[in-house]
Amino acid sequence: MTADDILARLTPIFRTTFDDESLTLHPAMAARDVEGWDSAKMVTIILAVEDEFSIRMRSRDIDALRSVGDFVTLIGRLASASRPT
Amino acid sequence: MLQQLGKLARAARWKTEIALIRRRYRWIERFSALGENCEFGMVQRRLGAEPLDLFRFSCTRAGSLTSAVGEGLQDLYDPEKVDVRLMPRVKGPPVYCVHAPSYGFLFYALESGGRPDLEAFMTSERRRLAFLTRKFMEDCEDGAKIFVFTARHAPAEEAAPLRDALRRHGPATLLWVSASSEKAGAVEAAGEGLLFGFVDRLAPEEQANDVALGAWKRVCHGAIGLWEQYGRLGGRHDG
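Sequence lines, in order, name chains X and U. Numbered by the numbering used here, the letters in the first sequence go through residues 1 to 85 in order. Numbered by the numbering used here, the letters in the second sequence go through residues 1 to 239 in order.
Here chain U stands alone, though its shape is the one from the complex (with noise of 0.2 Å):
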């Protein structure tokens, strides 16, 4: 009978939190994109959301993210850590980003503007990193968020390692998303805050706006529905 009560109680608590969460984010937006580009960036921009993401115009690869949100990423705290620099691109002319070397992350920078005073520019980048690194680690704790891994070049036995990596620092959720023709738009539970998205192809490497839309749509809400219905995937079943 306790045990009853106390498993209705859960329940009423997690149908409160999902309420305060669906008020908080728009649904696109409770995802945060992690890399592997800035695909998932650029779905969330063509759907009309522009969340203040870390990873969301970053390169990264899973093995080194892995390593790095393990370790609650304390190099890009540290402007000795990171340094800004004009990087070329597949296409178009290069542009200014910031480079973590420990972790061999990029981050797209702002535009210079053309600004002649390059040392305010690096200073204000690492900031902004900085502001962004709090803010995802904040995320990672708050476990409101659907984490999305592009996985464009790592295989899916690297997902379960970043999934751990994010859960040091709390109930976070992992999406790893790749591409599959036959099961475009499905979504699969893998266990304990992971999940495995398919899209039918991903974007090409020198035009990361040109998404599989639709797909992309059905798989995240797939996962808010998963998410919803198992309360974080892990972090409790009573939903």
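Just chain X, same shape as in the assembly (with noise of 0.2 Å):
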């Protein structure tokens, strides 16, 4: 999966989130550019972001979780991760 499948992905999941269609991602986006990205809405992404890509983020890895591309980031490793061999 590569980092554009990846924000391809993580676009409907902001959308829904922000209940903005407009909304367009990329990875330097952090909380401070999109109006109403609160501790809520950040539970709200993580849980949506797990369901989507079947993966189950770690306390830590949440915690270091700034930007959008840092989404991306642990979304390739945790689903890479996953993958079977």
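Source of the hints: derived by calculation from the structure; they are not laboratory data. It cannot be assumed that every hint is accurate.
Mimicking DMTMM-like on lysine to aspartate or glutamate, the simulated pairs with C-alpha atoms at most 20 Å apart in a straight line are [as the list claims (entries may be wrong)]:
no. : chain 1 : residue 1 : chain 2 : residue 2
1   : U       : Lys91     : U       : Asp75
2   : U       : Lys91     : U       : Glu206
3   : X       : Lys41     : U       : Glu29
4   : X       : Lys41     : U       : Glu50
5   : U       : Lys183    : U       : Asp200
6   : X       : Lys41     : U       : Asp117
Residues of chain X placed beyond 10 Å of chain U at every Cβ, according to the derived structure [what the hints assert, rightly or not]:
no. : residue
7   : Ala31
8   : Asp33
9   : Ala40
10  : Ser80
Idealized CB from N, CA, C, for every residue including glycine.
Bring the two chains, given one by one in their own frames, into a single complex with the hints.
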């Protein structure tokens, strides 16, 4: 799964969470760039991401998430780790 | 000689771990609130941090917290054992809270946003609670965070049992904070995994955001210093 693939699947999650169909994600995008991206929304995003990618994020990984790019990196790592060999 | 080498290796590992922790968290995010109320959550907000912590906006009591944490907060995963209800406030309109009656915990819920579908709202709140519980337990196991209990009502004798309950799951450290005008800003190590911190005053009950920010900052910086110096305060004394 490429970073672009992940970003494409993340986009509807963010659009639904923030109720904004025009939202365009980019790796540097952080909470300060999106109105309403608070801790409550962050939980919503994480739960949706875990469902979408069939992964489970650990607390220490979640605490290090600062941007969309961090999501992409973490999802890529967890998805490849959970893929059957 | 071998003993000395082992000690040096452990000290080097500890330094590496501290560097990783410093990279992962901003300093104020290295703490996780335990209650009794929202005061420490407000301290973190005033300092620009919004960590995802289970008890950040909750009402807890030390005794029930101790027994609940000791048993791994099992009831918080069970939708049958938590409900969502409107609760009156000292000031302002009532708010939705998630209530765990077996533990006596109250967690502030998200705004329902006037949602007509209360059942869906309750389902999402229960799921949110289960997620935050899972995260809290991982933090206990991990040992990288310092848990903060703001002791408005609880006597200091309740600190050690709470520390013990946290430590059933990992090398956790408890920072027990109470009011003391003489010791404001000070932190004292009180044995394995336990710190006592003091602020000049606690926030008024009806206004949890009216915090003694200066003293809280000194307490938190002091706690991090002790934690790093002594290596999780008893987890490893190699620092």
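Structure-based check of each hint:
Taking the CA atoms of Lys91 of chain U and Asp75 of chain U, the gap is about 30 Å. The hint is violated against a cut of 20 Å. Proximity of Lys91 of chain U to Glu206 of chain U is assessed by CA-CA distance (about 7 Å); at most 20 Å being required, the pair is judged to hold. Taken as a hint, the Lys41 of chain X and Glu29 of chain U pair is honoured in the structure, with Cα atoms around 18 Å apart against an allowance of 20 Å. For the suggested pair Lys41 of chain X and Glu50 of chain U, the alpha carbons sit about 11 Å apart, so the restraint of at most 20 Å is met.
The hinted pair formed by Lys183 of chain U and Asp200 of chain U meets the criterion: a straight-line CA distance of about 7 Å does not exceed 20 Å. Straight-line distance between C-alpha atoms of Lys41 of chain X and Asp117 of chain U comes to about 19 Å, which keeps the hinted pair within the 20 Å bound. Not every CB of chain U is more than 10 Å from the CB of Ala31 of chain X (nearest about 8 Å), against its label as outside the interface. No beta-carbon of chain U comes within 10 Å of the beta-carbon of Asp33 of chain X; the shortest separation is about 15 Å.
Chain U draws Ala40 of chain X into its interface by the beta-carbon criterion, the shortest separation being 5 Å against a cut-off of 10 Å. Every CB of chain U lies more than 10 Å from the CB of Ser80 of chain X, the least distance being 21 Å, so the non-interface label holds.
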